Amino acid sequence: DTEVTQTPKHLVMGMTNKKSLKCEQHMGHRAMYWYKQKAKKPPELMFVYSYEKLSINESVPSRFSPECPNSSLLNLHLHALQPEDSALYLCASSPTSTTNEKLFFGSGTQLSVL
Amino acid sequence: AQKITQTQPGMFVQEKEAVTLDCTYDTSDQSYGLFWYKQPSSGEMIFLIYQGSYDEQNATEGRYSLNFQKARKSANLVISASQLGDSAMYFCAMREGIRDDKIIFGKGTRLHILP
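Respectively, the protein sequence lines represent chains A and B. Each residue of the first sequence is one higher than the one before, starting from 1 at the first, in my numbering. Each residue of the second sequence is one higher than the one before, starting from 1 at the first, in my numbering.
Hint data in this document are derived by calculation from the structure and do not stem from the laboratory. Just so you know, these numbers come straight off a predicted model, no measurement behind them. Certain hints may be false.
[Unchecked claim] Computed, partial: chain A to chain B, Cβ under 7 Å:
(1) Pro-42
(2) Pro-43
(3) Met-46
(4) Val-48
(5) Ser-50
(6) Ser-55
(7) Val-60
(8) Leu-88
(9) Ser-97
(10) Thr-99
(11) Asn-100
(12) Lys-102
(13) Phe-105
(14) Ser-107
(15) Gly-108
Every residue, glycine too, gets a C-beta built ideally from N, C-alpha and C.
Could you put together the complete structure from these sequences and hints?
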């Protein structure tokens, strides 16, 4: 299994809603990432978990809350989002964080905040 | 300052021609890795090729090759014999240091292959 699976593929939510994005991999990777991508822009790093510990938070607003319950699973909890948070949210993983290790990406969750 | 610079926002290339996508980078680390990803309109990020800073030879993967010029800090992607399916966004990315949790991306180049 060489896949990173993200659910849901699409999500529409209101500004008062609470929702979660889910990411799963069964490749034994110990580093997992959340990226945010606006249309026609590059992916922007949000969070990195390394060995289930949060190693990087790129000054992301607290309305985004990551969680890594185990080495295979990564969640992104969303609460009180703003319309400008509408974007493609990409999850990725890599075996560890050494220089030569590429990212394996999921197909993303397209989020719309109304 | 940008760490990864892709100066070509968009390119139009005739099918079957070779195309070079430019990428320059900025780092003070001796150990780093350079990656190219392709993102079609469907949105998934597809890994194409990797070049390590200590690799003496340019990386190649099928129709993709990386023209690595370390002194100039450039890592250009060359696609030979372009195909219609190569139309996509292409991102250059870098991971710095021996062990770094962060991979950062350039702004990308939109490639259009013309029939």
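Hint check results:
About 4 Å separates the beta-carbon of Pro-42(A) from the nearest beta-carbon of chain B, less than 7 Å, and the hint is met. Here the hint on Pro-43(A) is kept, as its CB sits about 5 Å from the closest CB of chain B, short of 7 Å. Because the beta carbon of Met-46(A) sits about 11 Å from the nearest beta carbon in chain B, more than 7 Å, this interface hint is broken. A cut of 7 Å between beta carbons decides the hint on Val-48(A): the least distance to chain B is about 4 Å, and the hint holds.
The interface hint given for Ser-50(A) is met, as the beta carbon of that residue sits about 5 Å from the closest beta carbon of chain B, less than 7 Å. With 7 Å as the threshold, the beta carbon of Ser-55(A) comes within range of chain B, its nearest partner Cβ sitting at about 5 Å, so the hint holds. At about 14 Å, the closest approach between the beta carbon of Val-60(A) and any beta carbon in chain B exceeds 7 Å, and the interface hint on this residue is violated. Contact between Leu-88(A) and chain B, as hinted, is supported at the beta carbon level, the nearest pair being about 6 Å apart and thus within 7 Å.
For Ser-97(A), the shortest C-beta to C-beta distance to chain B is roughly 5 Å, which falls under 7 Å, so the interface hint holds. Taking 7 Å as the C-beta contact cut-off toward chain B, the hint placing Thr-99(A) at the interface holds, the least distance being around 4 Å. Residue-level restraint check for Asn-100(A) holds (minimum Cβ-Cβ distance to chain B is 5 Å; threshold 7 Å). Interface hint status for Lys-102(A): upheld, as the beta-carbon distance to the closest one in chain B is roughly 5 Å, under 7 Å.
Restraint check, Phe-105(A) versus chain B: the minimum CB separation of about 4 Å is within 7 Å; hint holds. Look at Ser-107(A): its Cβ gets to within about 5 Å of chain B, closer than 7 Å, so that hint holds up. With a least beta-carbon distance of about 5 Å to chain B, the hint placing Gly-108(A) at the interface is held under the 7 Å criterion.
Checked against the numbered hints listed earlier, the structure breaks hints 3 and 7; every other hint is satisfied.
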